[in-house]
Amino acid sequence: FGAYSREREDVDWRFFTLFRRAELEPPGREEATPSEVSLYPFLFWRTGSPGRPGYFAFFPLGGHLRDRFGRDDITFALFPLYARTVNEGVRTTHLPWPVIAAWSGPEQSGWQLWPLYGRDVRPGRFDKTFVLWPFGFHQDLDQDTENPKRVRVFLPFYSLLRSPQRDETSVLWPFFSKITDRGEAYEEWHLPWPIVRVARGESRRITRVWPLYSSAVRGSRTDEYVLWPLYVTEREDREDFRLTRHRILYYLVQDAREELPEEGGSRHRLDVWPFFVYEAEGEAATFQTLALLESFLPRDAALRRSWAPLWTLYRHEWGPGGHTVSSLLWNLYRREAAEGFLAWQLAPLVAYRAEDGSGGPVRDLWFLLGLIQMHSAPGRRGLRLLYLPWITWGGPGEGEP
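Remember, this note's numbering sits 159 above the position in the sequence shown when you count from 1.
Treat the hints as calculated values from the structure; they're not laboratory data. Everything numeric in this text was worked out from a predicted model, so none of it was measured. Take every hint as true, because none was put in to throw you off.
Computed cross-link-like contacts, DSBU-like style, restricted to lysine-lysine with a CA-CA straight-line distance of at most 35 Å: (1) LYS308 / LYS337; (2) LYS308 / LYS287; (3) LYS337 / LYS287.
Work out the full structure: start from the sequences and follow the hints.
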């Protein structure tokens, strides 16, 4: 519903992410604290202070914004009839947005009459032109880098990208596409996309006829499927990590095994949604039923801690040294056992605890939440009724056990 945060002198209030109020630390400690209020998408207001000018805007009527929505400066009136933005010294004017636009700034100029024609040019960096958007594009990009790109598009007939590192060609997309990637040293064909995909090269090897069969090898990772999503398998084989995961209907059944060869550790997890999840790591393991969301969020500790108990009917845990814990129906029945120790309860009727003490075995038995309690230890017995003082016998130390 809402959030409150404070960092040094900055205070931030949020409500449903639609309302935001912030008190900002001023550049000089002696000045008044500027405030910022936003009521999305209508009201935007900030008081001014030295070094941080204020602004006010009420959408769509008009206003002025600074350092908002990825722009240094925004001015608008009766949006979309008029809007002007400034970013990194480049001024863009819309009249109205997005049909008519003009760009002007240091070494940059252009205009558009969308969707008929538009051009934006910055010599030495880019030259972008469109005709009948989104069908025709003529673009020269990243001209000031080591990998300048040329893009020529006239959909649906052809699409071309040329650069020193990568070439892409599409004819009558999606029926034919070819990619040549010199950076990763492979070639790829789509005939048509996404049904038939073939890639060959040093970095990958892919053969796919969707949804019948696929085999994709990328470095140390291998992905395969048969009758997707009926059966999917994933493998990762590195010196420090190994993973094998099998899926049936993607999330319905998942069987994953992880190994850390250098550390000697391993982990196994089996999900059968929504019936149960089994997880083992080292000498510890857990089994839980039901498991409504665990298959989708397997690493979410908050889900396991806060929400899973709501639908967990039975849970069993194994630990080092033979330690086990079982819980049925929200601890209506609970059992815990370890070497020399046993405890169980059937709430609220009966509970039992036994452990091997230094002098011998010690036993405790409770009925009806402790209305009747019995205690047994070497040489001593005890009985307690209705929480009254203990009655003990059989040993020299009379009193409470």
